[in-house]
Structures are given as C-alpha cells and as structure tokens.
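Mind docking chains B, C and D on chain A? Use the hints.
4 protein chains.
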Amino acid sequence: MPNTDYQNIIQQLYEQIQSEENFGEVATYIPELSKVNPDYFGIHLTTIDKREFGAGDHLTKFSIQSISKVLSLSIAYELLGDAIWERVDVEPSGTAFNSLLQLESDYGIPRNPFINAGAMVICDMLLSHFKHPDQELLQYIHDITGNSDIQYNPLLAASEKKIGYRNFALCYYLKSFDNIENRPEDVLDFYFKMCSLEMTCQELSHVFLFLADENFLNQHHKPVITLSKAKRINAIMQTCGFYDESGEFSFRVGLPGKSGVGGGIIALHPDKYCIAVWSPKLNAKGNSYKGMKFLEMFTTSVESSIF
Amino acid sequence: MPNTDYQNIIQQLYEQIQSEENFGEVATYIPELSKVNPDYFGIHLTTIDKREFGAGDHLTKFSIQSISKVLSLSIAYELLGDAIWERVDVEPSGTAFNSLLQLESDYGIPRNPFINAGAMVICDMLLSHFKHPDQELLQYIHDITGNSDIQYNPLLAASEKKIGYRNFALCYYLKSFDNIENRPEDVLDFYFKMCSLEMTCQELSHVFLFLADENFLNQHHKPVITLSKAKRINAIMQTCGFYDESGEFSFRVGLPGKSGVGGGIIALHPDKYCIAVWSPKLNAKGNSYKGMKFLEMFTTSVESSIF
Amino acid sequence: MPNTDYQNIIQQLYEQIQSEENFGEVATYIPELSKVNPDYFGIHLTTIDKREFGAGDHLTKFSIQSISKVLSLSIAYELLGDAIWERVDVEPSGTAFNSLLQLESDYGIPRNPFINAGAMVICDMLLSHFKHPDQELLQYIHDITGNSDIQYNPLLAASEKKIGYRNFALCYYLKSFDNIENRPEDVLDFYFKMCSLEMTCQELSHVFLFLADENFLNQHHKPVITLSKAKRINAIMQTCGFYDESGEFSFRVGLPGKSGVGGGIIALHPDKYCIAVWSPKLNAKGNSYKGMKFLEMFTTSVESSIF
Amino acid sequence: MPNTDYQNIIQQLYEQIQSEENFGEVATYIPELSKVNPDYFGIHLTTIDKREFGAGDHLTKFSIQSISKVLSLSIAYELLGDAIWERVDVEPSGTAFNSLLQLESDYGIPRNPFINAGAMVICDMLLSHFKHPDQELLQYIHDITGNSDIQYNPLLAASEKKIGYRNFALCYYLKSFDNIENRPEDVLDFYFKMCSLEMTCQELSHVFLFLADENFLNQHHKPVITLSKAKRINAIMQTCGFYDESGEFSFRVGLPGKSGVGGGIIALHPDKYCIAVWSPKLNAKGNSYKGMKFLEMFTTSVESSIF
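These protein sequence lines are chains A, B, C and D, in that order.
Numbering that gives the first Met the number 0 numbers the first residue of the first sequence as 0 and each following residue consecutively.
Numbering that gives the first Met the number 0 numbers the first residue of the second sequence as 0 and each following residue consecutively.
Numbering that gives the first Met the number 0 numbers the first residue of the third sequence as 0 and each following residue consecutively.
Numbering that gives the first Met the number 0 numbers the first residue of the fourth sequence as 0 and each following residue consecutively.
Pulled out of the complex, with its shape left as it was, chain A reads as follows:
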C-alpha cells in the first residue's frame, strides 16, 4: 500500500469525525485529567518500515494512563517468563476495570494484567526485582525510542493517589490474598507513577512498534522482546485490552490494542504498523469515543484487520 493512501485515509476520517458530534464525556474522577481540553483529537501511524502519518493533535502530550500497563507487562514477561502467569491470568474479565467482584471468587488472582488489579500485581513483581522500577521503566522506553522527552507527570500521579481509594482497596485486597509481596503503599506509588506517563500520539506509535515488528531492535540494537512473547502480549490485548468493551473492539476494529482513561488508544497490525489515537471524551465503557470510531472506520477503509 503506497504512502499516500494511509495519509489520505487518516486525514479524511479525521475531518469527517471532527465534523460529527462527540457523544463522549471526559472522565471526571481524576481531577487533573478533567482539566484537559476535551476537543483534542490526534492520530499517528508508524509502519514497521518507519513511514509516518499523522493528523490533528498528534504531537501534543497527554496522559497515557492504562496504556502503560502494556509496557510493565512486557518488562515483567521478558524478565520473569511464564512464572508471572501463576499470579495473574490471561482471561477477559467480563466486568469493569476496577471491579473487586471477581477477585473474591478468583481467590485474589486477577483475570488479566490489564485490569487495575492485574497491573498492580505486575508492578509488585517489578518492585521485588528492581530497586527503582520507575527509573527502569523510563529507561526501557528511552531505549526503545531514543527519545528522552518521555517522562512521568508527578503532579498527576499525586492527584490520582490522593483520590485513588478504590485502587487502595484493590491493592490491600490483593495483599489479603497474599498476591502482593511489597507494601501496598509502595506498589501504588509505582502504579500511579507509571499511569502518569505522558506521550504524544507519535511517541506512542513509536514506543509500541516493537509489538508489531518482529525484527524490531532498540537503541542498543537489541530485541525488546522475543517474538513468541510479543505475539502473546498481542493476544492478551486482543481479548482484554478494552475492559468490558474488549469484544466490541475486537469485533469492530479487529486489531490488538489498549486504551487509557486519558482518551488514548494504541492498536497495532502485526507486520504492518502501530497506530495511536487520542481524544479525551470517553464512551460509557471508559474508552475514547472518537478514538474507537476512528479505528473502526480506519480498518474498514484500509480493509485490513488481523481477521
């Protein structure tokens, strides 16, 4: 497919969606996030041969939130191997992102590493392994992209921690099932910091390219993850990346992907490209309204999904 197609399709869909009503709502439960201009809308696609296509606010930083959970999982999986699946499962949850319900019947084993509880267990693993997991995570990202502009937003992390009572409940609950090794406060500090990562759509599509490109090498000319592990992370994104809208995303878009409450979404077509979209207003299931719409129209237009 020639360059111009991607650019034309992205630009055209961007304009079409901009002209339509946005039925989403900005998440208000994180005060800092609710201050973001709700009209932002950006798209950026990077192919595995490094061609790039962007539209709208694709160069503006925003809070990637839960999208960061794919990165912590990648580090933990490469580092600790299949042992991690003894403490977290790979099944879609069928419930909301912060539900405590299933943990009770599942004896403290989170359904997957992308719901909050599962991401906390992964954070706990990294905390047991690294002295400064936050610095290691940042280094990991910088090593992938060579772009040291990517940083945490400590104000946002503090803002989330201050009102994150349900996340405290989740983490103490996991601890009560012996599925957290470290102090819950320390796990949550790292968890909130990780979620406060800020990137542009362009940066996101660069960072996650390693999951689409099986020959990807980082700045030190090393593979980021083995092919088999990358495929499995993609599989988990496919079934669990969008909370209780994961089936819907798979159905409409047909790509593995991951959303964040800041309105960002990444999706990737193995062997082809990684795409990031961002628009802060969310649908009822907590995923970017315009982002979901764009990606559905995009894969329909390019007639290309993994199915």
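Worth flagging that the hints you see were computed from the coordinates, not collected in a lab.
It is possible that some hints are incorrect.
[Said to hold, decoys possible] Computed list of lysine-lysine pairs in DSSO-like fashion (alpha-carbon distance at most 30 Å, straight line): (1) C:Lys280 <-> C:Lys34; (2) B:Lys271 <-> A:Lys49; (3) A:Lys161 <-> D:Lys160; (4) C:Lys271 <-> D:Lys271; (5) C:Lys228 <-> D:Lys271.
[As the list claims (entries may be wrong)] Now the stretches of chain C that chain B is said to cover, found in silico as 3 or more residues with beta-carbon under 8 Å: (6) 155-168; (7) 172-186.
[As the list claims (entries may be wrong)] Part of the chain B face toward chain C, derived, beta carbon under 10 Å: (8) Ile162; (9) Tyr164; (10) Cys170; (11) Tyr172; (12) Leu173; (13) Ile179.
Virtual Cβ for every residue (Gly too), placed ideally from N, Cα, C.
Frame of chain A, contents of chains B, C and D only:
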C-alpha cells in the same frame, strides 16, 4: 509453505501427543456422548487453495456440538444483519458456558452468541424466520461442501433434551426477559438438533473454510457471507470461542476458533487454512485436552498466528 | 389488654393511613392480579382466646400468593421432619424473591423455603408424598378452620402459569441440580395452584393462629404442629418472610410474618394474636405499602413486639 | 422459674457438651487469637432481676471481637438517631462477614451494622462526633457496669492491624463510595481497638443486660437507650447477628444474639435475661462451635425463646 511441511508437522505432533498421557476427562453429563471411545484423536487441515493434510481419526464422524453455533450465527448474521446485536452481545463472558448469573445482571441479553443462552437467541431468530430452520441449516452446510453425508443424530438430540434441564432453565429465563419469541420447547428442539450435527475432522475443515477464504464460493458459486461479516465472526470466535478459556486459547494458539463438548475444535488462519482437531477427553474448562495441546504446538511449530 | 384497645387502635390507624397518600404500585406482571381494585384495604386480628377485631375490607377475598408457602412448609416439616433441611436452607437470601444468582453458588440448595425456589422444593416433597397434594393442602386448611369456603382460584393459577417463565426457569434449574424429584411441569402446577389460594383477612388470621397459640387444636381436636416446629417456622418467617426486606420488617414491626404479592401480609405475636392486613399496592421491594405501614404503626401503638 | 433450674440446666449442659467432641477450629488468621487455649468453655447468665448463674471458665477474660459492634451501634443510634440508617442498612447480608461483593452492587452502603463494613461506617460516625471515641466507648461500658476492669488489649489491636489487609481493603472501598468521612487509617485504628475489648462471660452478660431489661439504669441512674431503639437493635441482632449463619441461629436458638471470632456469643431474652457463652473453637461459619450447641440446647431445655 510447501505441502510436506504441514503434513510432517501434523504427523509428528500427532505422534508426540499420542505418546503422552491424556489428562482430560470425557464429559459425562450427556449420556450418549459418554459412550464414545475416549481414545479417538484426529486432525485435518484444509488450505484455502484446497490442499489437505490429515492424521489419526480424521475421517471418523463425531458430535460437533457447540461448533455448530458458528453456523447458525453465520446464517442469522447474513440474513438479519446488525439487528441481531440488539438481542445478543459480542463480549466474552468471563464465566462458564451455561451460567445464568450474567443474564440476571445483563437483563436477559446474552454476552455473546457462543454461550448457550446466546446460541438459543440465535436459534429463536432462525425459528421466527424459517418454517423448518433445521432443514435450512442442513441445506446451508450441504451447499457449502456439496457433501450430503453430513446429518443430525436424532438419538443424541433426544438424549440431550431428556437431561438438558439447565438448558431448559436458560431458555425459560431468556423468555422471562422477552428475549425469546417462540415457544421455549420449540427453540430447544432446534437447539438440541443443531448441536447433534455429526462430522469428521475433514468435513469440519471443509465446512468452515468460508471463514478463512475471502473468495470462497459455495456449490451454487455464491459467496457464503460478506467479507466484513466473516471477519467479525472470526473476531467473536477469537474473544468468545472457548467459554472462560477464550483468553487462554488466544494466548496459546493465537487463532480464532470454536470448541464443542464432544471434543472437537476448529481454528482458522485467515487467508491460509482451516484446521479441525478432535479428541473426546476434555480439560477442566470443557475444551478438548489433546486438541488444545495440539493447536498450541502446531501454531508454535509453523510460527504462524494472527498476532 | 382489654378488647377495646385493639379495636380502637386498628380503627384509628386504618383511618389515618386511608387519609394518607399510597405510594405503592400494583404488581402488573400477573395479569389477573393487576385487575384487582387497588383501593382495597383491610385488617383483621384474632387473639389466641378467639377475640376478633377487624377494619376496612377485612371480609373480602383476595389472592394470598406467597403467604401460602408457610402452609406447605408446615405440612412438609411436620410430615418429614428435619430431613427437609437437607434440600432447603433457613438463611435469609439477601436478594430478590425470584433470583437465580444464589442457586448457582449454592449448588441448587435454595436459601430458605419462602423464596420461590425453596417453595418449589417443598412442593416437590409434597408431590412425592401425596397423590393429590393440592387436595391435601386444602383439607389441611379446612381442618384448621372448619371453613370450607377457602378455595383455589383456577383462573389465577392458569394466568400465572401462562406467563410464569421465570418460575419455569427456576424449577428447571433446581431439577438440573437434582433438587426436584418430580417433573417440573407437575411441581409448577401444584405451586401455581397453591399460590392461587384466596382468603379474607379474617380467614387468614384464623388459619395462621396455630403458629401463635401453642395449645391450638384443629377441628379434629388435634394439634396442627409440634410447639418446637412452630417456633422454628416463626423464626424462619422472622428472618426470611419478606424477601430482601426481611431485616426491615423485623426492624420496624418486630414480629414474624409473611407477605404475598397480592398485597396480603400475616404477622403473629406468639402467645397473643395473629393479624392479617391487605392492600394491593406494593412498595419497591414487593411488599404491601399500606400493610407494612399499618403493622409498623400498630406494634408501636400497642408497644408490643417479640423484642 | 426458680434459681435452681437455670443453674442446674446450665451445669448439666456444660458437662454434657464438655464430654462430647469439639468439631470446631480456632481462627488462625489473627495470630494473637490463635494463641488462646482452645479448651476454654464458659457460660454466664444474668437475669433482669440480677440473679446470676455461671459454669466453667465464665470468669476468664477473652477477646470479645465483633460483639463490641453492638455497643458502638448502641452509642451511635442513641446519639444520632435514625439518620444512621442513611449510611448503613438493616438487612441480612447472605454472605460472609468480610465480603466486598455486596458493597459493589449496593453502592457502598453496607447491609447491616454487624458485618465489618457496617461496623466501620458506625466507627466513622463516632470518630466524626467524638474527639476520643475509644475513651467514650470505654466510659460507656464502665457507666453501664460500674466495672472499670474492662479494657482494650493494645497488643491484640496491633496484631490485627498488622495483618488486617482485607479490613483495610473494605475501609478504602467504603471511602471510594464516600461512605467514610475520616481517614481510613484512623477509622481502622478505632475499629481494631474496639474489637480488642476483653471481658469475661460474666462481664458480657452484665454489659448487655440493658438490651433485655426495659427498666435498666446505668451507674448514673440513667437509661442507656430508649426502649424503642433497644427493640430495634435486638431485631437487627436477630436477623444479622451471626453473618451467614443468622437464619440458623434464629432457627435453632430463637433469641437475638451476636457472636465474635474470639469464640464468644451473647444472646438475650427480652424481659428475662442476658446470657454469654465462650469457647474459642469455631464452626465453618465462624461462630463458636460449643457456644452455638449450648445455646440451642439451653433454649430447648428451658422451653423459652422469643417465638
């Protein structure tokens, strides 16, 4: 990939798995099914260019059970379009195949068309539309393959109906939410008949090839389903095809697929092939123990999944 | 307490409540029941020394519905003894009267004999024991009161059966757990018939006096139930008689009692009296709005509860 | 009933139960509690006319644990009136004492003040009202009995806090629903302190006599609580005092009561007596094995329950 590779890999994995212990158990709750020889093990792969590769008992008929739900869905989706999604969702359930739990909180809308409740709603749609949906379904299959050997097993259908109290409960429950139009007895008659379809692994891999091959034409030289709908059915298989082991299958095998309690599994690689495996002993989640094992080792060996 | 007090208090509260707005709603899911004049309001109290006090429509027949479940339990308990508790528990359910949720986690053992599922299991026991349990139940009532005017309403039973899909679901679900011995259709026939019993408030207060009066003898000069069993049935009414409003009734009224969806309520003060109230409009939890109000004000006025 | 009867019955049942096998298990999840000698067994009954009857280890101190929740409720109810019911319900929960399940569906309103979540909300109310709620609670108890030997066990409180992760989870979860006003850490400090109260069976039967005796006056010759409020607390004990064994206790014993994980139980017969039993080994539902057995046999022997 040359022919010989598929055949060698299939034969080799067949022999390896045959030599290992089978930790599965035959489902006992359907008396007729429990009479099947538990040692059967067959595999058959058909590529979209009609090359075929088989091993073991791939030419022996067995009860395809829930695999049939993909066929009823295909007919209903092509016939009625996206209107069907008003009565059944496309989300993984996170619970067992015959759970009534979620129906209560979801107000009678089944999570997806592959759990029992969802399949009953689809059966109800076909019952409202066709005078003899069972004959239409059989015709549909015969039109796809040109093989009129594929038939129902009325004894098995009667056996399941006789002890299918939980399915009666599910269907009356759906009716109480106004999500069944016809008489529950009639819906169940069709449902049990559909599940009693018998095929060989070879026949299964022929029947479902239309979901892998976008240029597939049936015996009347007509497409079975539009490309866009086929992709969406594949997406639902990917997230919901294996009950509460759907994530695990996606993670380990990386293909869309569907299992049945008779021990059969189909899986397909879009644009490449459709594969069917069969071994009656099931793992704890109700999916063929050897079948799951084979498919994981197979996609690892051929280094090819959709991710 | 002299006669006049009860009569004055009942009359006064009757008038006060009649003058206030009725915020209840008539149950509409049973067509026959929804035809009843919603303005009926009657009260009748009978003391263990056979003094009687009534007000309003206390001599008008109505459908006692679930109140009948106390009678089937009494027969089964006296007949079969503590063996019945192997198939039904005595715990409050914490959920709605027709919930299927708990049955799944409780492996088919209903929480108590007053939720629909529990009453069906009791009906099944009587069906296994009697050739014509419906006739036995009627005889039991006639023997208690000597009043053969008390009868079933076959039209109402038929009306409920016709739309009772959720009850069919419950009964088949119980059958799937092997907790129903007979054919679900037969169990439901008896269940719906039992619920269609019609009585006046006066008749109700006569029928249930045997649970308040430890020296009660029926028309054949025989005790209806042993004292120890009567106390235990009262205990179950106290904790489970009002579905998920049982705690509220215990808290506000302080007497063992049982409600029906027809708007009737019986309550009894051991060693003192049995009282029946009736008003068809129900509160959000499915219990008579005026009935609950009257009983709370009544036990407050007479300063007498079991606590 | 003459004095001798109570003493004989208590002594006789004590000896009988001592001679039988104890099928209970000491709770191990609180390290300090698991150190208690499991063979202790004591009973003490105090009548409203101040006659006393004891047997076994009725003068040995033990940790009253959740029995203390009746005291905090009494203070809060008398102080704040029916406003407290806006933040906690009076319904039996149908689930275990520390379940988070229902809080999710009930939007953070605990089912009743005796499950952990409900008791925390009551603690939070007292914390908002008093500068030193722990001192107020102790003063309240000393005022009732004139016995200043009753104290907290700070070591036990610390022990529970150290491993009370699930209680931390519950409290943060309530906070996330805005049903905790103070800092969760402070609420839990008071909660654990309250649960660490130590009393003998004799002291317990003295302290709770005010709920059985409507003319009870404390050391300052003042009523502890209004009659109407006492009756309602008794009603809540009747339906909710024994977690998911509340129905069973009501059924077998027929008195309002409250158990603690330390193996203590209080029960009371309005207008007659308050009885306390203690034996550390618990049944599967978390209530004293011997205590439950004794109380069932006791109310059967004296032929006296509220029903």
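A quick look at each hint next to the structure:
no.: 1; hint: C:Lys280 <-> C:Lys34; verdict: 12 Å, holds
no.: 2; hint: B:Lys271 <-> A:Lys49; verdict: 27 Å, holds
no.: 3; hint: A:Lys161 <-> D:Lys160; verdict: 22 Å, holds
no.: 4; hint: C:Lys271 <-> D:Lys271; verdict: 18 Å, holds
no.: 5; hint: C:Lys228 <-> D:Lys271; verdict: 23 Å, holds
no.: 6; hint: 155-168; verdict: holds (count 4)
no.: 7; hint: 172-186; verdict: holds (count 4)
no.: 8; hint: Ile162; verdict: 9 Å, holds
no.: 9; hint: Tyr164; verdict: 4 Å, holds
no.: 10; hint: Cys170; verdict: 8 Å, holds
no.: 11; hint: Tyr172; verdict: 4 Å, holds
no.: 12; hint: Leu173; verdict: 8 Å, holds
no.: 13; hint: Ile179; verdict: 8 Å, holds
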